[in-house]
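Novice: Sequences listed follow chains A and B, in order. Per our numbering, residue 1 is the first one in the first sequence, and the count goes up by one each step. Per our numbering, residue 421 is the first one in the second sequence, and the count goes up by one each step.
These are calculated hints, taken from the structure and not from any lab test. In this text, a Cβ means the ideal position worked out from N, Cα and C, and glycines have one as well. The hints are all genuine.
Under 10 Å between C-beta atoms, here's a sample of chain A residues computed to sit facing chain B:
id, residue
1, His207
2, Ile214
3, Ile248
4, Ile253
5, Asp267
6, Asp340
7, Val361
8, Gln371
9, Val374
There are 2 protein chains.
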Amino acid sequence: MEADKIDGLPGQPAGVKFDQYAGYVTVDPGHGRALFYYFAEAPVEPSTKPLVLWLNGGPGCSSFGDGAMMELGPFRVRSDGKTLYQNPHAWNNVANIIFLESPAGVGFSYSNTTSDYNLSGDKRTAEDSYAFLINWLERFPQYKTRDFYITGESYAGHYVPQLAQKILQNNKITNQTVINLRGIAIGNAWIDDETGYKGLYDFLWTHALTSDEIHEGISLNCNFSSVTSLSEACISYLSQAIRSVGIIYIYNIYFPLCTTSSSPPTDGGFDPCSENYIYSYLNLPQVQKALHANVTGLPNPWDSCSVEINNIWKDSPTTILPVIQELMKSNISVWIFSGDVDGRVPVTSSRYSISTFNASVKTPWYPWYTQEEVGGYAVEYQGLAFVTVRDAGHFVPSYQPARALTLFSSFIKGKLPPRN
Amino acid sequence: MEADKIDGLPGQPAGVKFDQYAGYVTVDPGHGRALFYYFAEAPVEPSTKPLVLWLNGGPGCSSFGDGAMMELGPFRVRSDGKTLYQNPHAWNNVANIIFLESPAGVGFSYSNTTSDYNLSGDKRTAEDSYAFLINWLERFPQYKTRDFYITGESYAGHYVPQLAQKILQNNKITNQTVINLRGIAIGNAWIDDETGYKGLYDFLWTHALTSDEIHEGISLNCNFSSVTSLSEACISYLSQAIRSVGIIYIYNIYFPLCTTSSSPPTDGGFDPCSENYIYSYLNLPQVQKALHANVTGLPNPWDSCSVEINNIWKDSPTTILPVIQELMKSNISVWIFSGDVDGRVPVTSSRYSISTFNASVKTPWYPWYTQEEVGGYAVEYQGLAFVTVRDAGHFVPSYQPARALTLFSSFIKGKLPPRN
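Generate the whole structure from the sequences, applying the supplied hints.
Specialist: Written out as structure tokens, the structure reads:
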């Protein structure tokens, strides 16, 4: 534990009041496969606060670069690519958060056995993430009995339910650590191919990003129940739909692009060029040293997403709705949240997915509030809460940090977001 | 003409390079009914630029307070309510613009015969606006043969086509001024009750502002083809839908509210409290004097919208689609534009309305660009262009001034917005 403690991140602001840790946890000693994590404790009374794992998607994207540095972590990188400033709405204000770069081949995570990468997929990711957790808790034993939550977004709509399922299964049979899993929350999550694609193209149409004619062509020609055997006519309409949208930032359809003429926003809002600054920062040798990262001399620079891992992806079920349904019947809380202006995994997809459950409504749809504004909408079904975040894109905490923190705080309190 | 010239508006910035006029044009001498206008000429070569009339909707809202001072006019009011700053994307950069407060009872427009107000309605508005134009052109004879366009938004979706129809009709029979009408452009325009309401409630649902259950209730119970005889079940679901949305700024569903804790945006963007500053400014005696306004001692302060006129509204056809179809067959250009995040008269309503024409597509849907970003989308039908403005609410030029100016410039050039 103490070996992983970060003395201070290069360029971090003065007055950091929480402990940070980073390092590698070996998940396969024989192959030399190790996952990198960054852990930010809460500044106030961390011992009373839950433990939370955050996972980004892709597959192949970094929970540290995207999740911690761009979304919900304690720091953001300035446009100089060298210095940091505090994120006032960081989630570690209310919880102790582990950001795990998963699986091996993503970010700083690696394997010394190159052939391991060929096994990248949902199954391997769940196994390695579980092994990571068990080993990590040996290193941080004070967290062993702590309330534990798993959160994540996008393709982590696969990872998070699968890992939760594995934990609940292994808790029954393990002779080692029992993980005190209390809930999962997945945002703009890809959880089902059929409703996902239908929701995506409907979203493009209803948000006036594509034409009536193309939408009609998709409706008449596309059967998303088997996305691997779409008709030629369907595929033609789908590509027309994508072209008709033009060059926009699809992760937030109303947000500016990062262009050569972009300048950092003067109002303190999210900078569309953030990923560039993060790339620069995380490739600084002194930053990697402070993070105890890249100790084996990785062949490539750190990157936010690994195209190789994404391309090689081995197993990806067409739906994980059955896994979610299983979790809905367990005693953990299951939240699906969605930034409502994401064109990549839109709110429409999440709604279509959820509607397949035919779950009964426990708390009808209502607007929830934060900072005197509607933060979004919430509805509670039997076993599942669905919460939207108004004017948030794919990376919810990036665009709506205050709303996202209210959502997250409510989630770990086991309460729906506030009515006023 | 010279009597109407404005020496300078109180608190206006230095370096104003265009002529401004304001005053009253009597439309009924017997009753003493007079309409107030504000006219901003182009700063460069006004004699080569077209003449444009802008009309706001309501019914009962002020084209001067909303249109000129909040949307597309040369000035915006600062938060002090006393001083002005320039709007760099003012439409008078490319045209000479008349803002008409219409009908009598709206803004500074009035009648000395109070019973006139009881006749407020579409018919009276079109008649008076026509009379205004004929008389105004006598006062500004250099504009008599100029290319002329009518633009407006919201309920001006009624006014603009109706006035255009009257002009085309009267041009054939008049023994006085022939108005050289070249085109109309209406934005977020209420033009048809059936498609309008259907589009409105569909928009709320597809933008995740209301629930699946309520939307299903509306779909099953509401027949918007006769909005005056909706079923009780329908009306119940409609009110549930409105309640489910909560307190948001419905004219731009992602925009902040004007609250007591609002402060003017630091990035120069639109200020949600603008209407308050405008109210203060336009009720300053020195401002009214400079504008040649309120010369008869109006009983009430200037207001952006008249509730009385709105309540008294006499005639409002359930649809003006036939008028638009008539204009589509004439030789003027007809544009319908729409800010795509307006929840009051949403883009969905405009699309549903247009689809009833079954017009053939001349130029398929494409993204148009300005300032290196997608400004919106355009599609050209036989006789009609439909253009969206991305991330713009009901008051398009307020939220997206650069995109709106590109749209307007294209319109008066008779060209679709630029492809790159």
